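Asker: Per the working numbering, numbering through the sequence shown is continuous, rising by one, with the last residue being 426.
These are calculated hints, taken from the structure and not from any lab test. Because the structure is a prediction, the values reported are computed rather than measured. Note that beta-carbon positions come from the ideal geometry of N, C-alpha and C, so glycine has one too. A hint or two may mislead.
Said to hold, decoys possible - No farther apart than 27 Å at their CA atoms in a straight line, the calculated lysine-lysine pairs in the DSSO-like style are these: (1) K289 x K85; (2) K228 x K85; (3) K228 x K294.
Said to hold, decoys possible - Using C-beta positions, here's what the derived DEER-type ranges look like: (4) S57 x S146: 47 to 55 Å; (5) S319 x G59: 38 to 46 Å; (6) N381 x A24: 51 to 59 Å.
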Amino acid sequence: MAKSQNNQVFNNKLSRNPFAELPREVSVLSAVAFFVAVGFGLIIPAIPIFAASFGVSKTAIGLIISSFAIMRFSSGLISGKLVDRFGERAVLGFGLFMVSFFTLLTALAQSYGQLLTFRTLGGLGSSMFSVSAGSLLMRSVSDEYRGRAQSLYNGGFLVGGVAGPAVGGILSSFSLRAPFFVYSVTLAMAGTTALVFLSEKRLGNKADIPTNLIGQTTLKQAFKLRPYQIALALAFINNWVLFGLRSSILPLFVTEELGSTATVAGIGLTISALIQGLFLLKAGKFSDEKGRKAALILGGSYVLFGVLMLSFTTSPLWYFIAMALFGLGGAYVGTAPGSVVGDIINGRGGQVIGAWQMAGDAGMIVGPILVGFLTDNYSYQTAFLVSAVISAIAILLSVLLPETRSSHLDNGLIIDKNKQEL
Numbered sequence: 005m006a007k008s009q010n011n012q013v014f015n016n017k018l019s020r021n022p023f024a025e026l027p028r029e030v031s032v033l034s035a036v037a038f039f040v041a042v043g044f045g046l047i048i049p050a051i052p053i054f055a056a057s058f059g060v061s062k063t064a065i066g067l068i069i070s071s072f073a074i075m076r077f078s079s080g081l082i083s084g085k086l087v088d089r090f091g092e093r094a095v096l097g098f099g100l101f102m103v104s105f106f107t108l109l110t111a112l113a114q115s116y117g118q119l120l121t122f123r124t125l126g127g128l129g130s131s132m133f134s135v136s137a138g139s140l141l142m143r144s145v146s147d148e149y150r151g152r153a154q155s156l157y158n159g160g161f162l163v164g165g166v167a168g169p170a171v172g173g174i175l176s177s178f179s180l181r182a183p184f185f186v187y188s189v190t191l192a193m194a195g196t197t198a199l200v201f202l203s204e205k206r207l208g209n210k211a212d213i214p215t216n217l218i219g220q221t222t223l224k225q226a227f228k229l230r231p232y233q234i235a236l237a238l239a240f241i242n243n244w245v246l247f248g249l250r251s252s253i254l255p256l257f258v259t260e261e262l263g264s265t266a267t268v269a270g271i272g273l274t275i276s277a278l279i280q281g282l283f284l285l286k287a288g289k290f291s292d293e294k295g296r297k298a299a300l301i302l303g304g305s306y307v308l309f310g311v312l313m314l315s316f317t318t319s320p321l322w323y324f325i326a327m328a329l330f331g332l333g334g335a336y337v338g339t340a341p342g343s344v345v346g347d348i349i350n351g352r353g354g355q356v357i358g359a360w361q362m363a364g365d366a367g368m369i370v371g372p373i374l375v376g377f378l379t380d381n382y383s384y385q386t387a388f389l390v391s392a393v394i395s396a397i398a399i400l401l402s403v404l405l406p407e408t409r410s411s412h413l414d415n416g417l418i419i420d421k422n423k424q425e426l
């Protein structure tokens, strides 16, 4: 009787631990994601102010912010090639220490030119980190748990991203360089965590298994698959709407169009992040149990309703509701596309993941520029309605998506993971 009760207690603990059924790599990568995100959050308030301290124009300040993303975008395939050649663990650790080093140099920059150079080079290390982490995460988890693994990994970024900016603002009040020094330390901690806890001694197996032993999915093979083509388009659209729209004109919309304050704009963004965090694991489980297509259609519908609500919002209350819908939809559409890519990869696919992340980076680069242009030349409502049309296209693509989850394959779709053909 006592043994039965002990087993029940043990099983209850497992059910409360979201990492219990997942390989150790997932918990390690989630911890690494937290360290990276909390550090990145620290420097968000400081970057434009630090750049302005060198007496440069608003355009030059914008270039500092964009240069990091542009380098990430342009080096995605290079990072994927390095992963295929040297393995995930080595590229992950090196990439994190590379960003840490250039962030330290950024903190010590004595001119705008130095600041731009060091910040740009940090984007290469960030690309190496994100591609290698994505590759290891997707490779280490089976189809049955891939959605949950993606959710937990994204959760690490989300929690760190929420915690970082508040502390960064406080640090910036003491010194504009302080957040960069602290970010350098958190990146070094992330790199150390990756190299130590992803070692063969800790995992019980090698993370950097030679590619010729585990197989490889090439970019050419992936481009022939309709699910991958759709995943690329969804990465671009989702990052445009969920990140580009939120980070560019929304705060201005609240202050200029609704006549409210920056505090209200911040509360709305916080609501969105909290709702997304609360539903992340549920969304991952839904994707694993109901399929990737169902998760994308459901999440895309929430996002579309949120964008449409913004188009006709006249009060902060409706703005808060729209932000809650953004967060709810983001939990689903932020998880499922990565799971689609993981489902179709056989063995290692560094360049496949690199190209997919490049599509997302492109959305984050193009989205803010385009909605800003539409707002300047037309109106906020026009920018929102165009984004709503793009969101509707995402739902249509989700409907057309062949199911990739192994136990939910659509009729007519056969994925041979050795031949990688439809």
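Asker: State, for the Cβ atoms of S319 and G59, whether the hinted interval 38 to 46 Å holds or is violated.
Answerer: holds, 40 Å
Asker: With a cut-off of 27 Å on the C-alpha distance, tell me whether K228 and K294 pass.
Answerer: Holds. K228 to K294 sits at ~25 Å (cutoff 27 Å).
Asker: CB of S57 to CB of S146, is that within 47 to 55 Å?
Answerer: Hint holds: Cβ distance 50 Å, inside 47 to 55 Å.
Asker: Sort out whether K85 lies within 27 Å of K228, counting only the CA atoms.
Answerer: holds, 19 Å
Asker: Taken at face value, is the distance from the CA of K85 to the CA of K289 at most 27 Å?
Answerer: violated, 31 Å
Asker: Assuming the hint says 51 to 59 Å, is it satisfied by the Cβ distance from N381 to A24 or not?
Answerer: holds, 53 Å
When held up to the earlier numbered hints, the structure conflicts with hint 1 and nothing else.
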